[in-house]
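A.B. asks: So you can see what is in the structure, the chains are spelled out below.
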Amino acid sequence: MIAQDIMQTNFHTLRPGNTIAEAVKLFQVASESEEKKIFGLMVADEEDHLVGMLSMYDILIFIQPKHTHIWGEIEDIDPTGLFDESLERVKSILVSDIMTTEVITIQPDTHLMVIADIMIKKHIRRLPVTEGKEVVGIVYVSDVFYQLLNKFLV
Amino acid sequence: MIAQDIMQTNFHTLRPGNTIAEAVKLFQVASESEEKKIFGLMVADEEDHLVGMLSMYDILIFIQPKHTHIWGEIEDIDPTGLFDESLERVKSILVSDIMTTEVITIQPDTHLMVIADIMIKKHIRRLPVTEGKEVVGIVYVSDVFYQLLNKFLV
Amino acid sequence: MPVVERRSVLSGISVEEAMRKQVVQLPKSASIDNCINRMIKYKVNAVLISDEEQHPVGVVSKTDIMGAFYAGFPTETALENIMVGPPLFCYPDDELETSLDTMRQSGIHRLYVLGAESNAVAGVLAYPDIVGLLYRYCRACDRGLLKTRRKKDEDKFERYKVKDVMTASVSYRRDNENLAQVIEGLSAHHFGAVLIKNSHGDPVGVVSKTDLIVAYKHGVSVDEGVEPVMKAPVQSCEAEAYLATALQQMLLKDVQRLFVHSSEPRQIVGVLSLSDAARFRSGSCRACVSSRLVVGS
Amino acid sequence: MPVVERRSVLSGISVEEAMRKQVVQLPKSASIDNCINRMIKYKVNAVLISDEEQHPVGVVSKTDIMGAFYAGFPTETALENIMVGPPLFCYPDDELETSLDTMRQSGIHRLYVLGAESNAVAGVLAYPDIVGLLYRYCRACDRGLLKTRRKKDEDKFERYKVKDVMTASVSYRRDNENLAQVIEGLSAHHFGAVLIKNSHGDPVGVVSKTDLIVAYKHGVSVDEGVEPVMKAPVQSCEAEAYLATALQQMLLKDVQRLFVHSSEPRQIVGVLSLSDAARFRSGSCRACVSSRLVVGS
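Chains as they are written, first to last, in this note's numbering: chain A, 49 to 202; chain B, 49 to 202; chain C, 25 to 321; chain D, 25 to 321.
Just so you know, the hints here were simulated from the structure itself, not pulled from any lab data. Among these hints, one or two may not hold up.
Partner residues aside, some chain D positions facing chain B, computed with beta carbon under 7 Å [claimed, not checked]: (1) Lys221; (2) Gly225; (3) Asp278.
Here are a few chain B residues that sit away from chain A, every Cβ distance over 10 Å (derived from the structure) [unchecked claim]: (4) Arg63; (5) Ser79; (6) Ser81; (7) Gln112; (8) Lys181; (9) Val183; (10) Val184; (11) Ser190.
From a predicted model like this one, the values you see are computed outputs, not experimental measurements. We put the CB at the ideal spot given by N, CA and C, even for glycine.
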């Protein structure tokens with residue numbers, strides 16, 4: 049059992065030049081099209097070479113006001129509306145500005161046990177599968193989980 | 049915008065006395081019934097008091113053979129089949145034996161910004177919502193994400 | 025969320041209570057491009073730089089990056105070429121006020137906090153973070169702004185206004201200048217942002233160091249004009265506004281400074297930064313100052 | 025995955041290369057119940073215990089937990105009541121062989137590794153982990169078992185067998201005894217598991233320290249019988265089997281020991297643990313030993 053047996057080949061990617069607003073929309077499009085919640089997307093350039101990853105966390109870290117520790121004490125303001133101004137302020141920021149560039153990848157022939165080991169040790173939920181520099185798929189922890197534990201399910 | 053506005057009230061829980069095999073089955077049942085991939089489940093006792101959390105990672109960490117760093121060098125064996133024996137060996141292990149007991153919880157009136165702050169700082173994807181000791185819901189990071197960023201989606 | 029109620033002044037607070045525990049670090053071999061990525065994502069003004077053995081050996085600030093932009097360094101340049109070192113440190117048990125004195129005397133904007141035991145970097149102390157703390161103490165104070173707002177008749181305390189704390193000199197550049205000229209202006213005045221005026225002398229936007237490093241990362245040249253890079257409209261408040269209100273505005277909108285206008289909005293008379301407010305070093309009303317005199321003496 | 029090819033012997037390997045970087049730690053105020061949870065989840069035989077200032081002050085092993093079970097401590101008991109201290113340390117740069125000597129001489133099963141720089145705990149060195157390393161070196165060896173298996177005619181090297189390395193004494197208890205008696209047996213012999221025989225003298229199962237601490241956590245009493253707790257069938261191998269084959273079986277099945285039988289499977293003649301194999305301290309074939317003599321002299 050190797051990566052290419054369990055990788056998803058139907059995946060969406062972001063471009064490094066997408067704005068954060070475009071990225072948020074693409075998260076929604078990807079979630080609807082792949083019929084599951086998508087927490088992280090691969091970022092690939094025009095030649096489909098992997099250049100980074102962007103997760104919901106990356107966007108939340110960036111969008112969240114820095115001094116959030118005082119928010120809990122503000123009962124009289126709904127901060128949700130205040131995001132409008134933040135969003136205006138960050139419209140020049142691109143996916144490449146906040147994406148994670150140190151990405152661990154696997155090859156199509158990487159063994160299932162090795163994949164599980166990487167996911168556990170590095171606490172990663174999804175691993176891009178590359179052939180040379182090109183992205184050919186993505187392996188999700190849930191697929192590894194059910195693959196390894198399907199004996200439990202009979 | 050507070051926890052009770054975005055929490056999911058349709059959730060599954062494990063019992064501390066469930067075996068790991070039962071837990072794996074419940075992950076699948078929950079995923080199918082809630083129509084999304086479930087990575088972590090709350091563990092509640094007979095009185096619906098929260099006593100822990102169990103994630104797919106917890107199960108993988110436990111099931112994965114300890115000396116996995118040598119697996120990558122074993123080309124001639126398919127380790128998937130070997131799980132049968134592991135599973136046999138661990139059948140006496142219960143959810144309470146490997147669940148995480150230090151669980152951060154929020155109240156129904158916890159503010160959305162505070163929730164986002166906890167999720168970012170602690171890198172948590174789901175927060176149980178408790179009223180007294182009783183579990184009344186769960187807030188997922190994806191719901192926080194879309195709630196905060198819905199201005200991007202119009 | 026617990027509200028801080030134990031004290032109403034900063035005296036006696038340790039560095040540990042005020043520091044930010046998240047310290048953004050990069051190895052000295054990392055690129056400027058990568059450093060800009062971290063500054064934008066984590067909204068920090070400086071990144072701690074470490075050597076091969078994970079020892080902190082320097083700091084790269086937005087000012088340093090802006091300098092590299094001006095000097096024409098490619099963004100692939102390693103951080104060791106532009107870092108300033110060594111970093112200055114304090115300890116978690118240090119008195120906050122003593123550390124603020126050190127910062128003021130050394131003319132630096134932040135101190136890194138060494139774990140008392142392990143010698144690992146445990147946090148960072150910077151002015152804007154202290155403002156958050158001040159704001160919490162203000163809110164918890166019996167005689168603070170929000171309480172008095174509710175009980176108007178008890179409002180006997182004179183409160184500070186923006187004009188009392190702001191920096192009253194404002195540097196500006198013209199909207200027909202290029203980025204190199206804007207950088208020159210920013211470097212000369214040690215401000216985090218510069219006002220942009222049009223040919224009629226009206227304020228039309230602001231360029232911050234953050235805007236400049238983003239432009240640098242996006243491949244913009246310093247010879248290009250300021251307009252595509254500047255942010256408009258100008259985030260501002262009135263000189264007569266209460267300091268606490270302005271602070272709240274900055275914290276909520278997540279901006280590091282507000283320009284200050286007179287009763288005529290187009291007339292900018294000063295700038296109020298989070299750092300100014302923190303250097304001011306106490307709560308935002310006389311109640312806090314007087315209680316501090318009692319407790320501190 | 026890279027295959028280790030630089031060396032074929034352990035000489036010259038540092039602790040850092042052999043240590044496990046994941047160190048399971050708990051505060052001394054944590055409960056025995058919580059400690060058992062960590063031992064089961066992370067499959068470790070001991071947990072490092074730290075004080076309020078995060079200093080490592082002791083170790084709790086499965087043996088200590090078993091003792092608490094025997095003594096009738098409630099599982100809510102804090103670990104500080106049963107921990108053994110202080111922990112013994114080595115450093116990442118230490119020679120692996122020197123550290124193994126220390127372990128042998130002190131009669132301990134693990135050394136914690138202090139980060140050379142930060143004084144924080146960077147890893148742990150235990151026998152079973154070294155076996156994994158040995159196995160890798162064996163596989164990478166030119167003259168190793170797997171290569172010779174492929175080219176049979178070149179198989180000139182005599183290989184070690186299980187009987188050469190196993191512990192030839194086996195303690196057992198009867199299946200009609202209770203857990204307290206099993207614990208007494210385990211304590212007397214310093215083994216990680218005890219064989220259970222029926223009234224005919226046939227081996228019917230095994231009770232390990234792990235099985236006992238799980239029973240303790242599940243509220244079983246030491247007065248209860250051994251049968252519901254023991255694992256059956258007995259994991260075993262033949263005395264004449266090659267050591268490398270037995271090692272592979274243990275690593276793949278994730279068991280810490282195999283009982284060893286003669287040509288008659290019901291006749292248990294010894295026990296082979298991962299620790300035995302690691303104490304043996306070289307590869308599993310004469311090729312490794314002879315090359316080690318050359319390199320090491």
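A.B. asks: Each of the hints needs a verdict: does it hold here or not?
C.D. replies: Each hint tested on the structure:
no., hint, result
1, Lys221, "violated (21 Å)"
2, Gly225, "violated (25 Å)"
3, Asp278, "holds (4 Å)"
4, Arg63, "holds (16 Å)"
5, Ser79, "violated (8 Å)"
6, Ser81, "holds (15 Å)"
7, Gln112, "violated (6 Å)"
8, Lys181, "holds (22 Å)"
9, Val183, "holds (21 Å)"
10, Val184, "holds (20 Å)"
11, Ser190, "violated (5 Å)"
The structure fails hints 1, 2, 5, 7 and 11 (numbered hints given earlier, in ascending order).
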